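In case you want the letters, here they are:
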Amino acid sequence: MAAVTESAVSTPPSAEVRRTPSPYPNWFYLPAAIVFTVFYLFPTIASLFFSLTRWNFQSATFIGLANFVQFFHEQNLYQGLINTLIYGVMTSGLKVVLGLLLGMLLTSQIIARGYLRSVVFFPVLVSTVGVGITFTAMMHPTEGVINTTLAMFGIHGPGWLTDPHLALISVALVDVWKGVGLATVIYMAGLVSIPQDYYEAAAIDGATGWDRFWNITLPLVMPATTTVVILSLIGGLRSFDLIWAMTKGGPGFTSDVIASVIYKQYQAGFYGLSTAGNVVLFVVVSIIIVPLSWFLNRRQVEA
Amino acid sequence: MTSVMTRRPVLLTIAALALSTALATPSFADTTTLSFLIDNAPSTVAWANQLKTDFEAANPDIKIEIEQRPGGADGDNLIKTKLATGDMDDVFNYNSGSLFQQINPVQNLVDLSNEPWQANVLPSFKQVVTATDGTVRGAPFGAAMGGGILYNIPIYKKLGLSVPKTWDDFMANNAKIKAAGDVPVIQTFGDTWTSQLFVLSDYFNVQAADPSFAADYTANKAKYATTPAAMAGFQHQADVLKAGYLNDDYAAAKFEDGVKDVATGKGAQYPMLTFAISTIQTLAPDNLKDVGFFATPGTDASKNGVTVWEPAGLYIPASNKDHLDAAKKFVAFVASKPGCDSLNKAGGGTGPYLIKGCTLPADVPPAVSDLQSYFQSGDTNAPALEFLSPVKGPSLEQITVAVGSGITSPADGAAQYDDDVKKQAQQLGLPGW
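Those protein sequences? They're chains A and B, same order as listed. Going left to right, the first sequence walks through residues 1 to 303 as the working numbering numbers them. Going left to right, the second sequence walks through residues 1001 to 1433 as the working numbering numbers them.
Hints were generated in silico from the structure; no laboratory data involved. A hint or two may mislead.
A partial selection of chain B residues facing chain A, derived with a Cβ cut-off under 10 angstroms [as the list claims (entries may be wrong)]:
1) D1074
2) K1080
3) T1081
4) N1104
5) V1403
6) G1404
7) T1408
8) K1422
What you are looking at is a predicted structure, and each value in this text was computed from that prediction instead of being measured. Positions of the beta carbon are idealized from the N, C-alpha and C atoms, including for glycine.
Please construct the entire structure, taking both the sequences and the accompanying hints into account.
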């Protein structure tokens, strides 16, 4: 009880923003606050500190901003940044387009709809590393099932994962295959929530299918689009597991993304440097996502 | 209230039971179980299994449990993380030389300087497992290796080729092999570590041209990009690609593919370490006599010799408090003649042993006798750079893949490696960087 009165007193009634009194006593927040401090707040502050040191888990030497300087001199970092953007935009864009199309297909009156819906979602449930290893075998330049199939039609298939120009795109396509199920489900939820009245009214006004899609479906499914774009872009920008399972950033450094560059520093025992890389990744993702989220949410309100 | 009362004794009983079993376990167990972490190369697995069998027969009270880890950079990561978190197995194998220095041996490994078997270990090995404080922290695990080119003897015989002493001879051989319709050079970038051999095994030639390279390199005075002899390794890699001498699937093939290909004649030559001979024994035993070995050729036929790799070390982590005696017994066994005999049985006799009294079996495969011929005189072999300098950059394998696939030019590759090395030297806190 004491806690309740204290909190009531500590909030001045003349606060500029009108706040509804908390329905819980303060101690109620304590477990979450402890978990938050120990597992989130402390590591965040610690990582900021360690990004300024050269450390080996046992001892750390303070070296100022040298790690950041070094990280930006990392020969493959520039390429990694570009690749990260390509990967993020490509996977996110394809997931939006394919997710919407599949969502429309799977909310229409087709046979075996329930079965087809689950089929689209299955790849989401499979382990990413498992998918990566499977596709690596399938994309083998001479023995993989993709190129041996192409060879039957007389096509000499490329080295999907070994051609420096193709490796990143191949991985991105696998990512889309694996992740499009989630986008589809989100779109299906968005599509079924559009009231049928609009379509009926549009039909009376003589709107074509294209008009209906463009003027009713697309604007009204915007909340779903926002969710899909944000989720898949964040996922794409910090994507690591699939790339590592399939190419390890190779051949050479051609399919490196920021996360794999960071991981390689960690792997080599440059713990301070890799922590600095994580801070950079955090900043990059924030710079892209925060304005994008603001922009998309604003449009959504207008719509 | 009653339910709480009745529940409490149950909990107490469970706790008491758990405690008593925990206390009682040691008295039940007459055997100690040692966990032994090894890399997953087929040859290492074969050696470890044979060592386990022979050691357990001699020490019935100790059981060995083998655990496998990946090789290459993934393995480095695992070892470093396990050591840093105090989660390392009771005994483990890992590279000697510069990679040994990177796992912080003074803090992480048990000091083995005063073990009685150290008297039988040759100084050249002790030197590469000596920590910065002068203590010896490891025992040799396996035989010394040569880095060079494994070649398919039937193809050489068929085309009447002789072992090349210079790079130009090597390229001339390649031209003839290609003209005959065979694949001259095998590369296996699917396992990125295998891409480093043209560069690393060229070190005999580097030191022949520039004897002070290792010292200058450690002191941040000599660079790969600006030392022509050191650049040659990167150049060679680009040369074989440009001439079209590589196997079709070089970008995706793996180490084991390369070993099989050179043994069965699908390819004529494979730049590799001689421990791969042991892998041939596992994967293609019928072709063991079809594979020979020669040193990576340089510019001068009169200075032809092999770059030598010390074997990996066997280490006990400082976190091993409970099974220290058993672990030391096992290490002592591996570093003894019975240990070498055990390795010989498993095909591990692929080069000179670093333990006095150890001998190779009488009928060694041709590649091993080829390697031995380089040890008959002192000036036809030299240690690899990683045993002379603690500096070895972690990204060499990606850089050599990039150079070997034509993504990066040899000059750029060498310069990138110089940058890579700098990070490592700084992390180790070496003076002059």
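Identify whether the interface hint at T1408/B stands, where standing means a beta carbon of chain A within less than 10 angstroms of its own.
-> holds (6 angstroms)
Can the hint on T1081/B be confirmed by a CB-to-CB distance to chain A that is less than 10 angstroms?
-> This interface hint holds because 9 angstroms falls under the 10 angstroms limit.
Interface hint for V1403/B, Cβ within 10 angstroms of any Cβ on chain A = holds (8 angstroms)
Restraint check, 10 angstroms cut-off on beta carbons, for G1404/B near chain A = Holds, because the Cβ-Cβ distance from G1404/B to chain A comes to roughly 9 angstroms (cut-off 10 angstroms).
When the nearest CB of chain A is found for K1080/B, is that gap smaller than 10 angstroms?
-> With a closest approach of 5 angstroms, the K1080/B hint holds.
Using Cβ atoms only, decide whether D1074/B comes closer than 10 angstroms to chain A, and label the hint accordingly.
-> holds (7 angstroms)
Interface hint for N1104/B, Cβ within 10 angstroms of any Cβ on chain A = holds (6 angstroms)
Does the interface hint hold: is K1422/B within less than 10 angstroms of chain A, judged Cβ to Cβ?
-> holds (9 angstroms)
In the structure shown, no violation is registered for any of the earlier numbered hints.
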